[in-house]
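2 protein chains.
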Amino acid sequence: MSVLQEMSPNVKQMRQLEYAVLARQAIRIREELKQGVRKPYKEVIDVCWGDPHRAGIKPLSFVRQVLAACLYPQLVNSDKLPVDVRQRAQRLLQECCGGSVGAYTNTRGIPEIVHRVSEFITRRDGGAPSPPENIYISPGSQWALTNMLKILVNSKASTRTGVLTPVPCHSTTTLSLEGLGAVIVPYYLSERQGWELQVEELQQALDSAKGVCNPMALYVINPGNPSGHVQSRKSMQEVIRFVSEKRLFLLADEVYQECVYGENSEFVSYKRVLAEMGPPLSDTVELASFHSASKGYMGECGLRGGYVELVNLDPAVMKYIYTIFSMDTCAPVLGQMALDLMMNPPQPGDPSYPLYDVEKQPIRTALVHNVKTARAVLNSLPGFCCQPVEEVGMKPDTFYCSRLLEEAGVLVSPGCEYGQKEGTFHIRFCIMTPQDIMEELLKRLTSFHTQFMEDFS
Amino acid sequence: MSVLQEMSPNVKQMRQLEYAVLARQAIRIREELKQGVRKPYKEVIDVCWGDPHRAGIKPLSFVRQVLAACLYPQLVNSDKLPVDVRQRAQRLLQECCGGSVGAYTNTRGIPEIVHRVSEFITRRDGGAPSPPENIYISPGSQWALTNMLKILVNSKASTRTGVLTPVPCHSTTTLSLEGLGAVIVPYYLSERQGWELQVEELQQALDSAKGVCNPMALYVINPGNPSGHVQSRKSMQEVIRFVSEKRLFLLADEVYQECVYGENSEFVSYKRVLAEMGPPLSDTVELASFHSASKGYMGECGLRGGYVELVNLDPAVMKYIYTIFSMDTCAPVLGQMALDLMMNPPQPGDPSYPLYDVEKQPIRTALVHNVKTARAVLNSLPGFCCQPVEEVGMKPDTFYCSRLLEEAGVLVSPGCEYGQKEGTFHIRFCIMTPQDIMEELLKRLTSFHTQFMEDFS
Chain A
35 MSVLQEMSPN VKQMRQLEYA VLARQAIRIR EELKQGVRKP YKEVIDVCWG
85 DPHRAGIKPL SFVRQVLAAC LYPQLVNSDK LPVDVRQRAQ RLLQECCGGS
135 VGAYTNTRGI PEIVHRVSEF ITRRDGGAPS PPENIYISPG SQWALTNMLK
185 ILVNSKASTR TGVLTPVPCH STTTLSLEGL GAVIVPYYLS ERQGWELQVE
235 ELQQALDSAK GVCNPMALYV INPGNPSGHV QSRKSMQEVI RFVSEKRLFL
285 LADEVYQECV YGENSEFVSY KRVLAEMGPP LSDTVELASF HSASKGYMGE
335 CGLRGGYVEL VNLDPAVMKY IYTIFSMDTC APVLGQMALD LMMNPPQPGD
385 PSYPLYDVEK QPIRTALVHN VKTARAVLNS LPGFCCQPVE EVGMKPDTFY
435 CSRLLEEAGV LVSPGCEYGQ KEGTFHIRFC IMTPQDIMEE LLKRLTSFHT
485 QFMEDFS
Chain B
35 MSVLQEMSPN VKQMRQLEYA VLARQAIRIR EELKQGVRKP YKEVIDVCWG
85 DPHRAGIKPL SFVRQVLAAC LYPQLVNSDK LPVDVRQRAQ RLLQECCGGS
135 VGAYTNTRGI PEIVHRVSEF ITRRDGGAPS PPENIYISPG SQWALTNMLK
185 ILVNSKASTR TGVLTPVPCH STTTLSLEGL GAVIVPYYLS ERQGWELQVE
235 ELQQALDSAK GVCNPMALYV INPGNPSGHV QSRKSMQEVI RFVSEKRLFL
285 LADEVYQECV YGENSEFVSY KRVLAEMGPP LSDTVELASF HSASKGYMGE
335 CGLRGGYVEL VNLDPAVMKY IYTIFSMDTC APVLGQMALD LMMNPPQPGD
385 PSYPLYDVEK QPIRTALVHN VKTARAVLNS LPGFCCQPVE EVGMKPDTFY
435 CSRLLEEAGV LVSPGCEYGQ KEGTFHIRFC IMTPQDIMEE LLKRLTSFHT
485 QFMEDFS
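Chains as they are written, first to last, in the working numbering: chain A, 35 to 491; chain B, 35 to 491.
Derived from the structure by calculation, the hints contain no laboratory data.
Mixed in with the good hints there might be a few duds.
If several chains are the same, the list does not tell them apart, and a pair holds so long as it fits within one copy or across any two.
What the hints assert, rightly or not - DSS-like, lysine-lysine: derived pairs with alpha carbons at most 25 Å apart:
#1 LYS46 <-> LYS353
#2 LYS46 <-> LYS190
#3 LYS477 <-> LYS73
#4 LYS46 <-> LYS429
#5 LYS73 <-> LYS92
#6 LYS477 <-> LYS92
#7 LYS429 <-> LYS353
#8 LYS280 <-> LYS76
#9 LYS244 <-> LYS455
#10 LYS73 <-> LYS268
#11 LYS190 <-> LYS244
#12 LYS477 <-> LYS406
#13 LYS455 <-> LYS73
It should be emphasised that the depicted structure is a prediction, and the values quoted were computed from it without experimental measurement.
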């Protein structure tokens, strides 16, 4: 048959993920450990993904109690669950078609939840209005982003569509862009300035696109993934002026908004900065802002709930967006509910509040601690080895990660997965893990790195 | 800004769904009922979607108990849940990364669940092997189908990719095809022969594609949606010979496989028929078979779990498929688990079996009953009114559905959503609803139809 020959060239140009190699290696090592093979470690520490539960963070009881009661409504009558949990579950079930989390919802999500998302945004953004009809709940923010790219990327145009994309950038977005036939126009974040976004870099990227593609959108990730950088309000205003002047659609990936640990940094949404800049910018700049239940304290990646808020889009375009989102019917109902609970956690005075607070605080403490100790330990290590290791068919950073996994049982991801300046190599790991696991990780990494430098530099 | 002008023509050519009009109307009517507006009915019967819970079917306790315990593991120790439920939950949790349903899974799904899907298929298909690496779990079967179409549809080719598609066909697939820029090559199911698929129709469709597009795949739905027709083994063999001869990829939507009610019909999978035909066909015909946790007795649409099994694909193509599925990370974990529970329900002797059986039997009885009574009542009604009603800007079948909703509070979907032969009009509704609701529905439909015929014929 002819699938391979005739297959979409967009698909053919998609990279194979470097991570897949490491994932297979981790599966093998875990299998060996299970069979009793002796290794210098007893289990693999997996901090490769932005996946808090995988990295050892415990789910919040409040969230799980409400969702369990929605799944199995007999629990609504159980006196073992706090009364606010039972009330919350009861209300959510009334909002489901047929009173069941097993029914499809509207394309944009359960209307009452969409409404509460809109209220959350308005609160967060100091009162800037957020009409519910501009919100689409989706199975994760990445999924909503891909849908927006389907609208923006014109695969039939003679000049391909360009999207300005940060380097480094997590690989799911770059894969989506490749799969849709877009041209990735890279702009480099400044490593020396803590991975800051600089508007001159955007201009340079735009210049580089001349004659190559038709740049339609700017994709920003704030707080940065994988960089962790938090943009200042001033920097965001510059970006907004830039996209307005260059007539670019602004795609703002803001899923790490709850994860701001630095002492002098604060998350402000693009929606808010745009609203506060006033007309004409606030009435014209087209913006899509993404958020998710996968990150933050809740960290419910596996439930698959996210949303996109759309600002200043032409009503005719909004109709197409509705159709695009209709194609997959709806987001998982429990993911929609998780999003709702993230935005409306228990308040002081609620029966569930004390436990919620007791569970949330150590997560916050661990994160602040992990950021500090990880930075201190990593900065104390001598520079990476940059020897070409082409004989093993791996990029140097993948090679480093593969050895780290094999010898120390630590699974992190290589910088090449995210893009990096030529000649520089990085590793990336998730700091959303309990303190003791982070300490064990840093111990293993330090001793591995010392040996690695002896062997390869 | 220029999004609308520059937008992908694939997206621009997508139809707006007729259903959206009816959905908005239903929302208004429900709001009016809530506010006490007097109508000849107290609630809207919504049988428009293939959504059993929305239509009044109750979820199976076994499924909900296991999933609730996975969400809130304290329940694993609760003596209020049957011991097999607790054991099942414990095992499933051990199979999750970090022991949490909140963690991402592998791209293809939780490995142990993928393995059990493969065992289910092998059992179902009389022993035909089903390697786990050919299975991808997804957030619903439709999502997996769209991913397969991304591989098959070449949006860059000078001659567009064609996909042979049944008429009638549910609209999500036709929307996906349009969105990807494919040409829908319609083949008509024979209404007179109970919506049978006839190979001559396939040949005629292929002839019609000459000079228009490059036909790459045949999409079949068995059991039919919306038609309900169950293909015979002989008919499937003819289809397999046809796709082999014409070098077409076979996409088999088999999500209604549990829903076979006719006395002389039996579901057989395309995978099984292909395997039993032996080489060279069984080694060469490329097949993707889709299944879902949304239909059947379980009917868990809102959890979003489905899978695709791939047969005879080139290993190079399989690599691209892995990348495409990686883009959205993974299916919702509870949807994956629902799929597992559907394929491995409690067995006689298990503590949960008696309740499971007590809950399942009435669903089966209702379905068999609903099919019979719906057919009898509908056949007793005089023919549809086919007056053009262009003055209200609606197609005749949408007009009929809209009046039925307004006057009788019954929400069904118009045939134009699925495609139909010119000059014929249909309505479609889901029969997965309790007996009493079906009876109420038929009563309302009968009296509405009688009045409608008086008014419009």
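Here is how each hint holds up against the structure:
1. LYS46 <-> LYS353: For LYS46 and LYS353, the Cα distance is within 25 Å only across copies (10 Å; inside one copy 31 Å).
2. LYS46 <-> LYS190: both (17 Å within a copy, 12 Å between copies)
3. LYS477 <-> LYS73: within (16 Å within a copy, 71 Å between copies)
4. LYS46 <-> LYS429: Within. Shortest intra-copy distance 21 Å satisfies the 25 Å Cα cut-off; inter-copy 42 Å does not.
5. LYS73 <-> LYS92: neither (27 Å within a copy, 51 Å between copies)
6. LYS477 <-> LYS92: within (23 Å within a copy, 53 Å between copies)
7. LYS429 <-> LYS353: Between copies, since 20 Å is at most 25 Å while 45 Å is not.
8. LYS280 <-> LYS76: neither (54 Å within a copy, 55 Å between copies)
9. LYS244 <-> LYS455: For LYS244 and LYS455, only the intra-copy Cα distance (21 Å) is at most 25 Å; the inter-copy one is 49 Å.
10. LYS73 <-> LYS268: neither (51 Å within a copy, 57 Å between copies)
11. LYS190 <-> LYS244: So LYS190 and LYS244 pass the 25 Å test inside a copy (19 Å) and across (22 Å) alike.
12. LYS477 <-> LYS406: within (15 Å within a copy, 70 Å between copies)
13. LYS455 <-> LYS73: neither (35 Å within a copy, 68 Å between copies)
The structure shown violates the earlier hints numbered 5, 8, 10 and 13.
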